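2 protein chains.
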Amino acid sequence: MRKIVVIGGGAAGFKAAARARRRDEMAEITVIEKSRHISVCRCGMPYFIAGLIHEIENLQETPYGVIRDEDYFRRVKNITVLKETEAKRIDRKEKVVEVEQNGLIEEIPYDYLVLTTGSTSSFPQIPGINSKGVFWLTNPSDALTIVDYWEKEDISDAVVIGSGPTGMECAEAFRLGMSVTVIEIMSTILPQLLDAEMSLIVQKHLHDNGVKVMTDCTVREITSDGGKVSGVKTENGFTEAQLVLIAAGIRPDVSLAKDAGLEVGKAIKVNSRLQTTDPYVFAGGDCVENINLITGKTAYTPLGSVASKHGRVIGDNVTGGMSEFRGVIGTAVVRVFDLTVAKTGLTEKEAEDYGFDIVTSMAPGPDIYHHFPGRKSLRLKLIAEKNGKLLGAQAVGDGVVDKRIDILATAIWMEAEVEDVTGFDLAYSPPYSQVMDSVIHAANMIKNKLDGLVDSISIIELKNKFDSNEDFILLDVRTEEEFAKGHIPDSRVLNIPVEDLRESLHRLPDDREKEIIAVCQIGSRGYEAVRILSGAGYKNVKIADGCMALWSFNLEVSK
Amino acid sequence: MRKIVVIGGGAAGFKAAARARRRDEMAEITVIEKSRHISVCRCGMPYFIAGLIHEIENLQETPYGVIRDEDYFRRVKNITVLKETEAKRIDRKEKVVEVEQNGLIEEIPYDYLVLTTGSTSSFPQIPGINSKGVFWLTNPSDALTIVDYWEKEDISDAVVIGSGPTGMECAEAFRLGMSVTVIEIMSTILPQLLDAEMSLIVQKHLHDNGVKVMTDCTVREITSDGGKVSGVKTENGFTEAQLVLIAAGIRPDVSLAKDAGLEVGKAIKVNSRLQTTDPYVFAGGDCVENINLITGKTAYTPLGSVASKHGRVIGDNVTGGMSEFRGVIGTAVVRVFDLTVAKTGLTEKEAEDYGFDIVTSMAPGPDIYHHFPGRKSLRLKLIAEKNGKLLGAQAVGDGVVDKRIDILATAIWMEAEVEDVTGFDLAYSPPYSQVMDSVIHAANMIKNKLDGLVDSISIIELKNKFDSNEDFILLDVRTEEEFAKGHIPDSRVLNIPVEDLRESLHRLPDDREKEIIAVCQIGSRGYEAVRILSGAGYKNVKIADGCMALWSFNLEVSK
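Same order as they appear, the protein sequences are chains G and E. Terminal number for the first sequence in the working numbering: 720, no gaps in between. Terminal number for the second sequence in the working numbering: 720, no gaps in between.
It is worth saying that the hints were derived from the structure and are not from the lab. Computed from a predicted structure; not experimentally measured. Among these hints, one or two may not hold up.
Cross-link-like lysine to aspartate or glutamate pairs, in silico, DMTMM-like; alpha carbons within 20 Å at most [unchecked claim]:
(1) G:700 - E:185
(2) E:703 - G:485
(3) G:703 - E:186
(4) G:608 - E:185
(5) E:537 - G:499
(6) E:610 - G:485
(7) G:550 - E:485
(8) E:700 - G:185
(9) E:537 - G:485
(10) E:550 - G:485
(11) G:608 - E:485
(12) E:608 - G:186
(13) E:608 - G:185
(14) G:703 - E:485
(15) E:610 - G:185
(16) E:610 - G:186
(17) G:610 - E:222
Please work from the sequences and hints to get the whole structure.
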């Protein structure tokens with residue numbers, strides 16, 4: 162009878178235990194968890210703070226409303242759960258785990274040990290970080306403490322340090338009752354998910370929802386008054402706050418593994434069967450490192466979806482199976498107020514850092530047929546190698562954004578090339594997509610670039626051109642009505658609607674070398690204009706990728 | 162200067178023309194269309210009838226609200242459009258098309274000819290089909306005529322003949338103001354999209370929305386009164402109707418191609434570059450046949466999304482390019498009231514007909530995290546070869562259904578195996594999916610079956626078992642509360658909640674050979690029960706795929 166011991170009662174641990182039970186009705190399976198919370202969906206904690214999920218116990222429930230407590234695991238899965246029990250030491254030679262419960266030390270023998278010790282929030286070295294009212298969100302008890310503090314204290318201002326997914330979700334939650342400032346040390350928000358031009362869309366949306374964002378900004382000190390936090394000092398000044406959330410990333414909890422002499426890199430090292438350097442010790446979830454299948458390098462990707470897959474593979478392998486976890490490609494999604502923000506694969510910046518020779522495209526547009534009621538926005542960016550291999554995608558919008566990224570995540574997983582994507586047989590009907598879905602459209606645009614039909618600059622490069630007083634023409638080919646509703650306020654901007662362009666070439670300079678950047682609303686007319694001008698002999702014509710749908714800077718308002 | 166002539170002003174034709182222009186500013190491009198409507202999104206016509214799209218001209222508009230009329234094509238794309246002009250004959254030797262406009266015959270020379278002659282509705286041999294009030298929906302003029310007739314006549318009852326996507330969309334539209342009966346000759350509705358157990362869910366939803374459905378039913382005659390339709394006679398009786406829509410499929414319009422001596426199979430035969438048997442004549446859209454990439458056989462797939470891709474490939478190839486259209490895999494989607502119905506690849510029935518040795522799985526569940534507000538339903542069926550290769554998927558629900566099918570369409574396009582799907586790095590966060598998305602869950606279930614962990618029968622087989630008085634136990638392992646809310650009304654049904662199962666084995670017969678079928682709500686507890694019973698030595702235990710979430714038959718209502 163196999164003895165399987167799991168240390169850590171989160172997603173990976175219980176998945177491993179449950180899967181092991183399904184494959185082996187006889188095994189003796191024990192899960193050890195140091196806190197009093199087991200099998201909680203931690204990704205739901207920001208939504209508990211926001212009140213969208215009413216009780217923290219809901220995050221512990223099955224789809225049919227039963228709480229996954231010790232009794233549940235005992236009766237349904239015949240799994241022994243030891244809560245508030247800390248694994249102190251692993252003796253790999255004797256194959257025992259030394260645990261402490263209520264001050265009592267006990268040794269639990271194992272045939273197979275599973276480490277799912279999870280992660281903790283990063284705890285930056287900031288003076289004043291121990292003040293009352295400074296929180297992080299690692300565990301359900303943190304979520305409960307934050308809600309309790311919010312209810313009892315008089316809080317009008319919150320600061321969130323860090324603009325990753327958790328920071329964004331908590332900023333939205335706090336905004337329900339507070340002024341909120343987000344402080345990010347990098348130059349743009351959500352830097353691990355988005356390139357700058359996409360990030361600026363989200364930043365504008367935060368602004369529109371009353372969240373102040375400070376980027377390129379380092380926190381110097383958290384100030385307090387009578388022990389309670391009173392604000393945050395940065396290099397730029399002081400921001401008042403009665404509540405501060407540290408959301409500066411998370412770190413794997415590897416102390417037990419390290420003490421046991423297991424190899425640790427970015428996190429615990431495992432092979433594709435999720436074995437550590439000891440073949441009888443498996444590890445999964447937030448405490449291990451993964452392989453990024455695009456770069457072939459190790460990556461730290463602490464996600465519930467990954468942990469859950471790990472658990473299944475471990476459950477197979479500790480019961481005589483031969484399952485493998487191949488790796489990750491870096492898919493992620495976060496909701497930011499009305500926007501969905503998602504990515505897969507590499508960002509443009511990551512791809513460049515890894516030395517790939519790349520080409521990108523930007524496809525903004527409605528997420529369904531443009532005249533169907535309920536259409537919403539979708540801005541999709543695609544990144545590929547110049548040899549055609551897909552590398553990554555990002556999408557932002559209030560429409561069905563995440564599943565477009567899932568389509569591309571599937572494509573990248575299957576090592577698709579841009580040419581493959583152009584042929585994808587996707588489901589079309591007016592309530593669901595444009596006749597050529599944005600995914601395919603974005604791939605076609607990359608092909609157009611590779612075929613030399615259109616050259617482009619990014620919307621950020623366009624902004625830089627304006628700011629640096631370069632001499633060029635921005636040819637806005639939208640209708641006069643669209644132009645009047647808002648356009649880039651600069652004397653270098655010329656409005657000629659695309660339908661008038663062929664007969665209005667005299668309004669452009671004779672000099673065929675003149676740099677002309679075409680824009681419209683979402684790109685199709687701008688592309689048309691580039692082709693018309695190229696046909697007329699203009700040599701230095703480009704489109705600004707994403708056009709006005711990507712322009713997140715101020716526009717002149719017509720009178 | 163190339164002369165490109167396109168016959169047919171629909172999706173494929175104008176896409177080919179526009180793409181050709183973008184690649185060749187100098188070409189002379191002419192589009193010939195016999196009706197007065199050009200570049201209309203025909204897939205939107207049912208929604209125009211339903212009033213969701215207000216004007217038929219909306220279906221002719223660009224995303225920025227400009228109508229794509231002759232003037233638009235002339236000014237923006239420098240394309241000549243000849244409306245209400247009929248191509249009468251193609252002289253391939255002389256490379257001219259003979260056209261008739263206002264009774265005048267003219268010859269138009271071409272270097273490259275593009276046939277995008279489209280399709281017409283099937284017109285079954287039914288007595289009375291020419292009565293006033295009998296319609297089909299091929300062209301915008303049909304849509305306008307139907308709306309006009311509905312407005313002017315006193316209509317209380319409609320009959321829709323045929324339950325394909327157009328039939329479903331029109332049934333929903335008519336239901337806004339009429340009693341509606343759908344008549345289908347096959348044994349289930351939407352037979353090209355769904356297997357029987359999935360189809361029954363849609364049929365129940367139609368019933369719940371007041372649409373009467375008659376399957377296995379052949380129309381004998383359409384009756385009329387004073388020249389106007391009065392009803393439909395079937396083998397089962399008479400159904401009153403003042404409006405009848407024939408939605409019995411569509412047929413390619415290949416007469417011109419046939420007369421010109423081009424090869425025609427299911428439709429016009431083309432190679433992967435979309436050349437007909439004459440290398441200077443290309444064809445695309447509803448008038449050509451495609452290759453199904455799964456079966457390698459020809460298929461007729463008249464869809465706007467396919468036509469649009471055809472157009473792009475043709476536009477490349479008539480301007481010196483070397484583009485290919487690889488084929489289709491049979492993806493389709495239709496909205497039926499609150500449900501989205503989608504499929505890709507082969508249905509189980511098709512796969513069996515083609516002789517594949519298959520295994521299927523059924524994953525019903527919420528489309529997002531089960532405790533997140535706004536969760537909706539998603540029932541996903543997966544079909545694979547026993548060697549692991551994916552063959553098809555179907556999904557029905559009021560949640561985000563279509564994009565799950567798109568993920569699987571991408572997987573099938575890339576020749577994925579079930580094992581690949583289990584690793585897919587999909588975007589997870591509570592507002593978007595379960596921690597293990599249904600797509601991955603369905604793949605895991607196929608693996609479980611292939612690994613011998615669980616055996617199953619379909620919900621239809623279960624129904625047959627009940628109806629045929631077989632001796633077996635249906636073990637419903639839901640909670641007593643769930644059971645009380647509704648269960649299969651039969652004495653062979655036994656309710657033991659899964660959490661009580663290990664300690665209640667004495668309530669089951671000692672005979673370990675006894676056939677036991679386990680069900681719960683969506684399958685996870687049923688699977689758990691199968692594993693528990695197998696562990697206890699029961700040899701003949703199965704789960705009913707999809708469990709109660711797939712049971713579309715009557716349930717006993719508890720007192």
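Those earlier numbered hints the structure runs against, lowest number first
2, 9, 14 and 17
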